[in-house]
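Enquirer: Below, each chain spelled out in residue letters.
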Amino acid sequence: MAIFNAKDRVIECRLVFYGPGRCGKTTNLEHIFKAGKKYTQSDMVSINTKGDRTLFFDFLPMGLGKVKGCDVKLQLYTVPGQAKYSSTRKLVLKSVDGVVFVADSLEVRRQANILSLKDLQQNLAEQNMNIFKIPLVIQYNKRDLGDDGIPILPLEVLEKDLNSKLKAPSFSASAVNGKGVAETLKKSIQITLSYLNRELKWTQ
Amino acid sequence: MSMKERIQGLVKEAETYRSMSLLKQSKGKYMELLALVEKDPSTSKQKKLIDDIKSRIRAVDNEITEIDQATESPEISEDVQDLIRNLFSFSPNQATAAIEGAVALAKFGQYEKGVKELERLVKDGPTPLQAAINLLRCHLSLASPDVAVEQYKQWAVREELGKGDLKYLRTFLENYFKKRGIEAELPETGEESAEKADMEGKSDDILDLSSLGIQFEDGPYKGKTVEFDVSFQSGNKVSIIIPSNKKALVDLFKQGQRLSNIQCTSSIAIFNGSGAVSGKTKVTTGPKHGSYNIDITLDGR
Numbered sequence: 000m001a002i003f004n005a006k007d008r009v010i011e012c013r014l015v016f017y018g019p020g021r022c023g024k025t026t027n028l029e030h031i032f033k034a035g036k037k038y039t040q041s042d043m044v045s046i047n048t049k050g051d052r053t054l055f056f057d058f059l060p061m062g063l064g065k066v067k068g069c070d071v072k073l074q075l076y077t078v079p080g081q082a083k084y085s086s087t088r089k090l091v092l093k094s095v096d097g098v099v100f101v102a103d104s105l106e107v108r109r110q111a112n113i114l115s116l117k118d119l120q121q122n123l124a125e126q127n128m129n130i131f132k133i134p135l136v137i138q139y140n141k142r143d144l145g146d147d148g149i150p151i152l153p154l155e156v157l158e159k160d161l162n163s164k165l166k167a168p169s170f171s172a173s174a175v176n177g178k179g180v181a182e183t184l185k186k187s188i189q190i191t192l193s194y195l196n197r198e199l200k201w202t203q
Numbered sequence: 000m001s002m003k004e005r006i007q008g009l010v011k012e013a014e015t016y017r018s019m020s021l022l023k024q025s026k027g028k029y030m031e032l033l034a035l036v037e038k039d040p041s042t043s044k045q046k047k048l049i050d051d052i053k054s055r056i057r058a059v060d061n062e063i064t065e066i067d068q069a070t071e072s073p074e075i076s077e078d079v080q081d082l083i084r085n086l087f088s089f090s091p092n093q094a095t096a097a098i099e100g101a102v103a104l105a106k107f108g109q110y111e112k113g114v115k116e117l118e119r120l121v122k123d124g125p126t127p128l129q130a131a132i133n134l135l136r137c138h139l140s141l142a143s144p145d146v147a148v149e150q151y152k153q154w155a156v157r158e159e160l161g162k163g164d165l166k167y168l169r170t171f172l173e174n175y176f177k178k179r180g181i182e183a184e185l186p187e188t189g190e191e192s193a194e195k196a197d198m199e200g201k202s203d204d205i206l207d208l209s210s211l212g213i214q215f216e217d218g219p220y221k222g223k224t225v226e227f228d229v230s231f232q233s234g235n236k237v238s239i240i241i242p243s244n245k246k247a248l249v250d251l252f253k254q255g256q257r258l259s260n261i262q263c264t265s266s267i268a269i270f271n272g273s274g275a276v277s278g279k280t281k282v283t284t285g286p287k288h289g290s291y292n293i294d295i296t297l298d299g300r
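Taken in sequence, the protein lines are chains C and D.
Here the first sequence is numbered in numbering that gives the first Met the number 0, starting from 0 and rising by one per residue.
Here the second sequence is numbered in numbering that gives the first Met the number 0, starting from 0 and rising by one per residue.
Bound-form chain C, shown alone:
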């Protein structure tokens, strides 16, 4: 849960980018870091293994400035997507306030998306959090590959696979070109802050 310092009017919250391996979580953060320089407070920290795969997490702290009289600080994280790093994902997910689920539009990654979403649901449940209640945004990444003749899943299929029950806000994106990244983040911040306001009454 976010830390709210009522005396200094500062709220600090944690957003986690989740999704299957190689879906583009780190690419999202890299774009946010490059495009949102004025909001970022320090360098982005990435701990990778061979093949630029996230080994532990990526971390990017941001300051959004004043929102309704409160200084809003954000911590953006990614989790390692590979199945074997389950315990690391659990650790990064601890005390999360909002989640961006990055789905891979590639046809060959259809099953990986579904498994990763189930993994998210399970890991949240282990921390007494409910995937239906936590502020969640879904991003369908790598949409640009369709134009190159690489088989991608139609949005309707992705929605049916991943979002038919959750009904979370969803966005098409091509993180490698920066498309859809800002929209996804903006929505995630918006619904997370609104959720935290209901929980912590930080705007009062």
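Derived by calculation from the structure, the hints in this document are not laboratory data.
These numbers come from a predicted model, not from an experiment.
Glycine is no exception: its CB is placed at the ideal position from the N, C-alpha and C atoms.
Check the hints yourself; a few may be wrong.
[To be verified] Across the chosen pairs, the derived CB separations fall in these ranges:
1) C:Ile113 - D:Met30: 20 to 28 Å
2) C:Asp7 - D:Ser90: 20 to 28 Å
3) C:Val156 - D:Pro219: 49 to 57 Å
4) D:Arg119 - C:Ser86: 22 to 30 Å
5) C:Asp160 - D:Arg119: 42 to 50 Å
6) C:Ser85 - D:Ala183: 22 to 30 Å
7) C:Asn4 - D:Glu226: 33 to 41 Å
8) D:Asn271 - C:Asp42: 53 to 61 Å
9) D:Pro219 - C:Asp42: 54 to 62 Å
Given chain C, work out where chain D should sit, using these hints.
Expert: Then chain D, alone, in the frame of chain C:
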């Protein structure tokens, strides 16, 4: 679609997946391509083409092997280690947060640094037993049972920890090994019983309690034992949370009230205790909004 277009399409897919490090998918496409080429009479004799595909498959295989064999404990800078320690210690209690930070370091591949930190906390920290348990957990999950046994033996020889603490840790290890069918010899720590040793010499009675069963002496729950999960513990002070819809239960707890029959459950032992209600506050923020937080100070023995 012509054969040439099919080949080009598959190569493009395979190379795209490879560039994204989706290596299994890349190999899958190359295998599909190889089967296609070998089966089709127009291409099955083209040795150069087939060799080229096979060579690409070997290259992808090599990349897969490299990734599988890559280190999962990379060297990271002191700054990043500090960052990990700070980002992954969540408890408002400083002593617990220090232990969480050290455990996080070990979990994030900085095993040596995490272990060093926990060793320091065992030696100089305010909650040496908590630190010691977590150090053993680190050894058991990230190194091997032998390392945990060796650590325990060192503590026993050096007398860094009290007999009660050693007995507690011994029981912890014995239970762990028993569950997994591991045989290990642990040095004896003294003659006293585990229960006596557990509580001896510790002013704070720092057992990791998971729940409290409280027997009520009057009111609607008279004579009944109600089980509560422990939401927070610092030494002998524990907190439980009662949801707002259980008002009758909330009303039974009054500041200063004695609780003479409490069944305390920890991960390794259950024992009877007593204590007093040291605080009762309504939770005004967060997901437990409206619930009541009851603080109980357990009596030492």
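Enquirer: Each of the hints needs a verdict: does it hold here or not?
Expert: Results for each hint:
no.: 1; hint: C:Ile113 - D:Met30: 20 to 28 Å; verdict: holds (24 Å)
no.: 2; hint: C:Asp7 - D:Ser90: 20 to 28 Å; verdict: holds (21 Å)
no.: 3; hint: C:Val156 - D:Pro219: 49 to 57 Å; verdict: holds (56 Å)
no.: 4; hint: D:Arg119 - C:Ser86: 22 to 30 Å; verdict: holds (24 Å)
no.: 5; hint: C:Asp160 - D:Arg119: 42 to 50 Å; verdict: holds (49 Å)
no.: 6; hint: C:Ser85 - D:Ala183: 22 to 30 Å; verdict: holds (28 Å)
no.: 7; hint: C:Asn4 - D:Glu226: 33 to 41 Å; verdict: holds (35 Å)
no.: 8; hint: D:Asn271 - C:Asp42: 53 to 61 Å; verdict: holds (54 Å)
no.: 9; hint: D:Pro219 - C:Asp42: 54 to 62 Å; verdict: holds (59 Å)
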